[in-house]
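Top line first, the protein sequences correspond to chains A and D. The C-terminal position of the first sequence is numbered 395 in the working numbering, with every residue numbered one higher than the one before it. The C-terminal position of the second sequence is numbered 790 in the working numbering, with every residue numbered one higher than the one before it.
Since the hints were derived computationally from the structure, they do not count as laboratory data. Everything numeric in this text was worked out from a predicted model, so none of it was measured. Please note: incorrect hints may appear among the correct ones.
Pairwise CB distance ranges (calculated) [said to hold, decoys possible]:
#1 D/Val-665 - A/Asp-45: 45 to 53 Å
#2 D/Leu-557 - A/Met-155: 36 to 44 Å
#3 A/Arg-60 - D/Glu-458: 57 to 65 Å
#4 D/Arg-748 - A/Thr-112: 39 to 47 Å
#5 D/Ala-408 - A/Met-349: 36 to 44 Å
#6 D/Pro-660 - A/Arg-377: 31 to 39 Å
#7 A/Asp-109 - D/Lys-776: 19 to 27 Å
#8 D/Leu-557 - A/Arg-86: 24 to 32 Å
#9 D/Lys-776 - A/Arg-110: 18 to 26 Å
#10 A/Arg-377 - D/Arg-748: 33 to 41 Å
The calculated DSBU-like cross-link candidates involving lysine-lysine, where the alpha carbons are at most 35 Å apart (straight line), are [claimed, not checked]:
#11 D/Lys-519 - A/Lys-124
#12 D/Lys-776 - A/Lys-128
#13 A/Lys-124 - D/Lys-776
#14 D/Lys-523 - A/Lys-381
#15 D/Lys-523 - A/Lys-285
#16 D/Lys-523 - A/Lys-124
#17 A/Lys-128 - D/Lys-680
#18 A/Lys-329 - D/Lys-519
Each residue gets a CB set at the ideal place from its N, CA and C atoms; glycine is no exception.
Number of protein chains: 2
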Amino acid sequence: MTTPQHLRDSDQAAGFDIGPDFERFNQMNDVFTRAFWDDTVLSADTDAFFASYRMEAAPRRGEGFNQRDFALRNASWLISDIISNRAAEDGLREGFQGAIRNDTPVAADRVTLRDPQFEAAEIKRIAKLFGADLCGITDLDMRWHYTQRPDTRDMTPIDDPLPDGLTHVIVMGHAMDADLVETYPSALAGAATGREYSHEAAIVMQMAAYIRNLGFEAVASMNDTALVVPYAIKAGLGEYGRNQMVLTPEFGPRVRFSKIFTNMPLAVNVPRQLGMASYCEICTKCADACPPKALPTGAPTRGTDSPSTIKGVRKWSANCEKCFGYWAKLRSDCAICMRVCPFNAPRDMLPHRLWVRLATSRWRQLAKRIDDWRGTRPRLKPRDWWGGNSGNSDA
Amino acid sequence: MTTPQHLRDSDQAAGFDIGPDFERFNQMNDVFTRAFWDDTVLSADTDAFFASYRMEAAPRRGEGFNQRDFALRNASWLISDIISNRAAEDGLREGFQGAIRNDTPVAADRVTLRDPQFEAAEIKRIAKLFGADLCGITDLDMRWHYTQRPDTRDMTPIDDPLPDGLTHVIVMGHAMDADLVETYPSALAGAATGREYSHEAAIVMQMAAYIRNLGFEAVASMNDTALVVPYAIKAGLGEYGRNQMVLTPEFGPRVRFSKIFTNMPLAVNVPRQLGMASYCEICTKCADACPPKALPTGAPTRGTDSPSTIKGVRKWSANCEKCFGYWAKLRSDCAICMRVCPFNAPRDMLPHRLWVRLATSRWRQLAKRIDDWRGTRPRLKPRDWWGGNSGNSDA
Chain A
1 MTTPQHLRDS DQAAGFDIGP DFERFNQMND VFTRAFWDDT VLSADTDAFF
51 ASYRMEAAPR RGEGFNQRDF ALRNASWLIS DIISNRAAED GLREGFQGAI
101 RNDTPVAADR VTLRDPQFEA AEIKRIAKLF GADLCGITDL DMRWHYTQRP
151 DTRDMTPIDD PLPDGLTHVI VMGHAMDADL VETYPSALAG AATGREYSHE
201 AAIVMQMAAY IRNLGFEAVA SMNDTALVVP YAIKAGLGEY GRNQMVLTPE
251 FGPRVRFSKI FTNMPLAVNV PRQLGMASYC EICTKCADAC PPKALPTGAP
301 TRGTDSPSTI KGVRKWSANC EKCFGYWAKL RSDCAICMRV CPFNAPRDML
351 PHRLWVRLAT SRWRQLAKRI DDWRGTRPRL KPRDWWGGNS GNSDA
Chain D
396 MTTPQHLRDS DQAAGFDIGP DFERFNQMND VFTRAFWDDT VLSADTDAFF
446 ASYRMEAAPR RGEGFNQRDF ALRNASWLIS DIISNRAAED GLREGFQGAI
496 RNDTPVAADR VTLRDPQFEA AEIKRIAKLF GADLCGITDL DMRWHYTQRP
546 DTRDMTPIDD PLPDGLTHVI VMGHAMDADL VETYPSALAG AATGREYSHE
596 AAIVMQMAAY IRNLGFEAVA SMNDTALVVP YAIKAGLGEY GRNQMVLTPE
646 FGPRVRFSKI FTNMPLAVNV PRQLGMASYC EICTKCADAC PPKALPTGAP
696 TRGTDSPSTI KGVRKWSANC EKCFGYWAKL RSDCAICMRV CPFNAPRDML
746 PHRLWVRLAT SRWRQLAKRI DDWRGTRPRL KPRDWWGGNS GNSDA
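Whenever a hint applies, use it, and build me the whole structure from the sequences.
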């Protein structure tokens, strides 16, 4: 595969260091997919993790993991679940293992477009109308696309290419609820994840339908089809952090991303150097707070020996097996590394904004000392989120 | 049918004047349903109206009704459409003609509840987390329930009762986008309607799933099963206005409602006297602005001779045939009566709040004179919503 020069031109600005040993990622190897076919990942715990999204299999194991917590988390996933389950008979888990199918056709007529700058601004405005918190646009780049996905009926690898002729990717950011995130690790906090998947499913599908109604191809995508992290960075939405997340000026790492592949001609954004990743070089709060020690404390490296790490990219890479092993034991997703990140603030107050200004300047060492001095914000207890300890009184 | 006294007790506070000739409403007679079986309503225009929600049948007839306008409107309905179409083979249009089916079962265990006041406050907090703008709770009252709904396969009437034992109704309000509403009448403005149906479908389904996960029955409902207007008023969310809408202190009439029928024991709200309906008595702006003159200019009356008006309730009643006939000709929904209502402000600024304070006091005649003097806010032109006249340049 030859990557066109204009795509590689912005790699450096995006902070990407891609070697000659680069290989596109096969979704068979993501740790969630491996939990269905790879004996080194799947276990009684991973089975119990997936089962806990149905109430009859949700455990009751104390504060943050009681019936109310799982009730809220599982309900929050509902819209995402409805979309991702509807093509199960075809071996497709829409939005996760395979793109979301077009619910509406591409209109026979195309609207007359103005210049790509105007149309890009218009797309971002409509994304906001539908509820996206961030929106950026970049060029399609096959390097980030999965080579294969699983057929979810039997977990065998299949090719599932996008339609020909797609040229652009619209990346949307969806902020997670700040207070719920403060309760990680808990099943309660998982409601922040589920709510945002349900939001992003609705928003990305409405946006893609809008573009098809204008007469252009538009494929709605969540975690499927391609890695969203490099796309979000290329679309100018943030920088890559030690915690494996995109750090955004607006929300720090507290944001999820969806994407649309389209042939609509749109002006693209450029990657931004924000100084956040530079701060990550001197900060290891996320790695220090990680219970299974799945995050690196050192400098970026060229891969790991895990099949779940993309090959040939020098970056901070998590130990996905340790990370997901901890999720499985918890019976819920963990994002302590998001909660404790100094760029995440439950409310974006002036002192936080001033600190971010300092941390992203050449005075980052001073910002680090201030952050060390103030320490890590205590976790919000699930009982306090629920409005008092008796609020979660299920036996 | 005998209505328990405790339900009738709050009729007066709600402003309901219900006579001995009261009859429950049959959904066969709502004007949208009649458009599929009643030759006095259905026409080439009503068929074209429904067809226009597919792009291949959307007209192009000038500003506000071009491809971009229909593209946005039709895309905005997508999530609502997916839900309402999924049981078409069973003759059920979920959320419109029949309640939304339970996607998840009632959990086998029930959480231990605190007192109904605490639980009601908790439900309202979770409703807000899922995106509801308003939430109130009232008692189940069969007077507002449809006697029958159509089987949508052949438009014959069928009984479709709720499960036994439901006692409470949670009513949620969903505010429509203020700027889009300023463009009524236009297909563009219809995006405000579609977006809110998509929002409310997602929110009401997640809320109902949450309650089922707690171990209680919960049936999610939009326009189906029962009239939401009396329920919203009984739940303390607003008063009934001349324009047939619930006038709320927060958004005036610019809000849609969904509802959940449940057996969860919850403290109920009481109807509120807000002074808004009293202002309607001296204001006829909505009726004056209605192109087909479908709204009454006089005092409330005891019904009309239309089958689409509920029998035995003294209230302001629209001429539904004229109203929907105008929608059909437009090929989109009309809510000019919402836009011009003095209680609707695109931005809730201090002068508006002061005026509302005056209009809902005994000085309402003075408020009326001020409103007469300032006149009606000009409609926002669709070309201006789109960011300049060339923004809507489709041939």
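Check each numbered hint against the structure and report the violated ones by number, ascending. Hints that this structure does not satisfy do not exist here, as all of them hold.
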